[in-house]
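Listed below are the residues making up each chain.
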Amino acid sequence: MAEHRLLFIKEGRACYISHLDLMRTFQRAFFRAGISIKHTEGFHPHAFISIALPLSLGYASRCELLEFTLLDGAPEEVPEKLNPVLPEGIRVLDCYTGGRPIKELAFVDYEVTLEYPEEKVISQAKAALEELLGRESVIVRKRSKKAKSGWTEVDIIPRIRSWAVERRPGALVLEGVLAAQNPGLNPELICAALQQEHSDCAPGFTRFLRREVLDGDGKAFR
Amino acid sequence: MDRRLEKILRNVQKPARYTGGEYRAVVKPREQVDTRFAFCFPDTYEIGMSNLGLRILYGVLNEMDGVWCERVFAPWGDMEEAMRREGIPLYGLESGDPIAEFDIVGFSLGYEMAYTSVLNMLDLAGIPLHSEERDGRWPLIVAGGTCAYNPEPLAPFVDVFSLGEGEEVTVETVECVRRGRREGWSRRELLFHLAQIPGLYVPSLYQVTYREDGTVAAITPEPGVPALVTKRIVRDMDSAYFPVHTIVPSTEIVHDRVMLELFRGCIRGCRFCQAGYVYRPVRSKSLKTLAAQGRASCRDSGYQEMTLSSLSTSDYPPLVELCDDLLEYCRPNHVSLSLPSLRADNFSMDLMQRLQEGKKSGLTFAPEAGTQRLRDAINKDVTEEDLLQSCRTAFTGGWSGVKLYFMLGLPTETDEDVLGIAELARKVYQTWREYTPNRSRGVRITVSTSCFVPKSHTPFQWEAQNTMEEYQRKVDLLRDALRRDKSVTYNWHDPQTSFLEAVLARGDRRVAPVIEAAWRQGARLDSWSEYFSFQRWMEAFQACGVDPSFYAHRARAKDEVLPWDMISAGVRREFLWKEREQCYRSQITPNCRKQCTGCGANRLNGGVCDG
Ligand code: SF4
Chain A
7 MAEHRLLFIK EGRACYISHL DLMRTFQRAF FRAGISIKHT EGFHPHAFIS
57 IALPLSLGYA SRCELLEFTL LDGAPEEVPE KLNPVLPEGI RVLDCYTGGR
107 PIKELAFVDY EVTLEYPEEK VISQAKAALE ELLGRESVIV RKRSKKAKSG
157 WTEVDIIPRI RSWAVERRPG ALVLEGVLAA QNPGLNPELI CAALQQEHSD
207 CAPGFTRFLR REVLDGDGKA FR
Chain B
607 MDRRLEKILR NVQKPARYTG GEYRAVVKPR EQVDTRFAFC FPDTYEIGMS
657 NLGLRILYGV LNEMDGVWCE RVFAPWGDME EAMRREGIPL YGLESGDPIA
707 EFDIVGFSLG YEMAYTSVLN MLDLAGIPLH SEERDGRWPL IVAGGTCAYN
757 PEPLAPFVDV FSLGEGEEVT VETVECVRRG RREGWSRREL LFHLAQIPGL
807 YVPSLYQVTY REDGTVAAIT PEPGVPALVT KRIVRDMDSA YFPVHTIVPS
857 TEIVHDRVML ELFRGCIRGC RFCQAGYVYR PVRSKSLKTL AAQGRASCRD
907 SGYQEMTLSS LSTSDYPPLV ELCDDLLEYC RPNHVSLSLP SLRADNFSMD
957 LMQRLQEGKK SGLTFAPEAG TQRLRDAINK DVTEEDLLQS CRTAFTGGWS
1007 GVKLYFMLGL PTETDEDVLG IAELARKVYQ TWREYTPNRS RGVRITVSTS
1057 CFVPKSHTPF QWEAQNTMEE YQRKVDLLRD ALRRDKSVTY NWHDPQTSFL
1107 EAVLARGDRR VAPVIEAAWR QGARLDSWSE YFSFQRWMEA FQACGVDPSF
1157 YAHRARAKDE VLPWDMISAG VRREFLWKER EQCYRSQITP NCRKQCTGCG
1207 ANRLNGGVCD G
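First to last, the sequence lines map onto chains A and B. If you count the first sequence from 1, position 127 lands on 133 in this note's numbering, and the numbers rise without skipping. If you count the second sequence from 1, position 295 lands on 901 in this note's numbering, and the numbers rise without skipping.
It is possible that part of the hints are untrue.
[Claimed, not checked] With a Cα cut of at most 20 angstroms, we get these calculated EDC-like pairs of lysine to aspartate or glutamate:
| # | chain 1 | residue 1 | chain 2 | residue 2 |
| --- | --- | --- | --- | --- |
| 1 | B | K620 | A | E17 |
| 2 | A | K109 | A | D223 |
| 3 | B | K620 | B | E637 |
| 4 | B | K634 | B | E652 |
| 5 | B | K613 | A | E194 |
| 6 | B | K613 | A | E17 |
| 7 | A | K109 | A | E73 |
| 8 | A | K87 | B | D906 |
| 9 | B | K620 | A | E94 |
| 10 | B | K620 | A | E121 |
| 11 | B | K1033 | B | D992 |
| 12 | B | K1033 | B | E1022 |
| 13 | A | K44 | B | E911 |
| 14 | B | K613 | A | E73 |
[Unchecked claim] Chain B stretches covered by chain A per the calculated footprint, using a threshold of three residues with CB under 8 angstroms from any CB of chain A:
| # | region |
| --- | --- |
| 15 | 638-652 |
| 16 | 853-859 |
Simulated from the structure, these hints should not be mistaken for lab results. These figures come from a predicted structure and were not determined experimentally. Glycine included, each C-beta is placed from N, C-alpha and C at the ideal position.
Model the full structure from these sequences, guided by the hints.
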């Protein structure tokens, strides 16, 4: 079991670093910061770390959690040691001992920005999105590695705890608290649902930002 | 980040290749920069970032005040398509700025099959392809790397070729460009000045004439331009720049580890090997320098893997001491140390067993030829006994796989030599049967052959390549001979790429239109089977009225003017010819450490050679 935890931001150019590459990036960053952490056993030991809830490629986040075990030094010193040796767009906010079991991480608060090239579509899209999220059930087809056909169907509504839609210049902003795991909901599926049900309201570009991870009571998860 | 870029990054494979922002990527404030340099590698990010030369020159240039060097790689097909669709020109990874606005665009040329990517990158940047179409408003296009030793097929596209090691001459090039800007030189004036710098070849200042039989009649420089351009070298390796502080990619690359360069040059003198000849003289780093650089590189990058890289690593005299020293640091820090390019001898085997604790997958040896006679002819000094002894050690130690690499079509090769490969493979199999502690595990012996490509500046620069039919005949012969050997797998490389390489490696300026025609028909990333089309190239030759066979399959006469005769790698032409004659007598030349045979390369280093 890992004994320590990092809270970090992933944004800008770093959004395009994949989950696997991010782990490697941290392993190397720990080493160059001179922070000794626990390694795996065996002939080719590597720094033992794990990152909760893999973030999709291209998404930004203010609340990524990384588990590891510090072998010496104080956790409070980790951010200031690590930050100067991290790639652009990754910044450690906090490092602490312990942390709640990851299985208690229940929800993720997302901000989804749907950008439209034309202002006039936005009102229409707002109404469409509100109508959609107000339904009892919305079934979306989703790619699946497990299913024989390569597709499964998902009802997104039960996996949304709360939502709000707001209009901004050139964009529509959806704030949604979505199920984190077992099963979780990727906000991309809400966009897919919009595309499926109201194809004329599909945005030109969509930005995804994870703002906070929450426990079952909606409190910040650490 | 550019919004259009962000949009397309969502939909391409491996977007981290295109974003920059890695640890130690250099970003300079624009107002402090007067000269911008785009270092272009005409292949993917993963390949280009694995190139030590790129890392060295990136560091050297960015250490210069007012100079900002950025990296540019060839986009994969999906990215190229999206960039063209969205009208995004090729940009520097660090700034995202279009490279057409830069002062200098430099290409690294490591292999001929990247030539079409050079043209494609110029086009994606919106830079006119031909040197003559570019005046002072366009970036200066320079190119260096091993392929620059025969620059002629790219002569119309590149303004300046840089021969040899770039640490010093690249800085001089930048200074000359700066001076030209201050003094208001035209592009032609700039080129003329550049041509005066040792190691720089400006093709537009040389005129090439041809005889009726198609061979080169003369290469004539303009008045005031040197007739012979000699490559540059770094004299003192200990004080040479080494990229201890270097970029750590945020996505996996091919050589994702610290690459510690032990020495330049090679003492072996294999007659087919261009690198072995053009990187002479031999210059080593001291143990002390390497021990310090190895440690510092791991610490700075955070890599927990280090490889000792040089042409023939086990020829570094204090290699054992170096490994011991580095292991002192590596073991407690969980850094694994590896040796590439193993020689099949006892010494290397001992060392490898010490380093590779545990992992015992496959071993790779390159005897290159199947018989001792032919190995002598190509001066590959590996004996059958060396090889079998290495296999004995390996099999006894529990290894259960050996890969053997050979070339077909080497000068003086007979069918007996081809069949010798099968015999050698069988002997390796017998060795396994005798020495393996565990026969039930089985053994994998893989034999691979490729078609020999004669290269410029080697003793084989006058030789004819085997035709593809002849190569295929030899492949069939060998395959037949190995038919009943169930434990031996035979893989042969397609001769098509080798044939094209042979044409490009020894082509003259008349090959340039063919490269352009192939590119216009869609050729790019030709070293990737996903993109390579032989058909397309053959059509390009036809359309341009160029016979590829003239370049690949023709033996050159001793006194023929060769297209690259204005370029010297420091080794005398007479020496190369003498080596060729030694080959035809199946005579070896002792390695440089046993005896200096006076190749001439030490003249570049004040008479000193560490061979
Ligand atoms: S100068 Fe002598 S020792 Fe050095 S590379 Fe040439 S032949 Fe070998």
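So, going through the hints one by one against the coordinates:
Of the supplied pair hints, the one linking B/K620 and A/E17 holds, its CA atoms being roughly 17 angstroms apart against a limit of 20 angstroms. Of the supplied pair hints, the one linking A/K109 and A/D223 holds, its CA atoms being roughly 14 angstroms apart against a limit of 20 angstroms. Between the alpha carbons of B/K620 and B/E637 the distance comes to roughly 32 angstroms, so the proposed pair goes past 20 angstroms and is violated. A distance of roughly 24 angstroms separates the Cα atoms of B/K634 and B/E652; the hinted pair therefore is violated under the 20 angstroms criterion.
This hinted pair checks out: B/K613 and A/E194 have alpha carbons roughly 15 angstroms apart, not beyond 20 angstroms. For the proposed pair B/K613 and A/E17, the alpha carbon gap of about 15 angstroms is at most 20 angstroms, so the pair holds. A hinted pair counts as satisfied when its Cα atoms are at most 20 angstroms apart, and A/K109 with A/E73 qualifies at roughly 13 angstroms. Restraint check for A/K87 and B/D906: the C-alpha separation of about 13 angstroms stays at or below 20 angstroms, so the hint holds.
Between B/K620 and A/E94, the direct Cα distance comes to roughly 18 angstroms. Compliance with the 20 angstroms bound is thereby established for this hinted pair. With a C-alpha separation of about 24 angstroms, the suggested pair B/K620 and A/E121 falls outside the 20 angstroms cut-off, and the hint is violated. Taking the CA atoms of B/K1033 and B/D992, the gap is near 12 angstroms; set against the 20 angstroms cutoff, the hint holds. With a CA separation close to 16 angstroms, the supplied pair B/K1033 and B/E1022 stays within the 20 angstroms bound.
With a CA separation close to 17 angstroms, the supplied pair A/K44 and B/E911 stays within the 20 angstroms bound. Proximity of B/K613 to A/E73 is assessed by CA-CA distance (about 32 angstroms); at most 20 angstroms being required, the pair is judged violated. Restraint check on the region 638-652 of chain B versus chain A: 0 residues with Cβ-Cβ distances below 8 angstroms, three needed, restraint violated. Evaluation of the coverage hint for the region 853-859 of chain B: fulfilled, as 4 residues show C-beta separations to chain A shorter than 8 angstroms, against a requirement of three.
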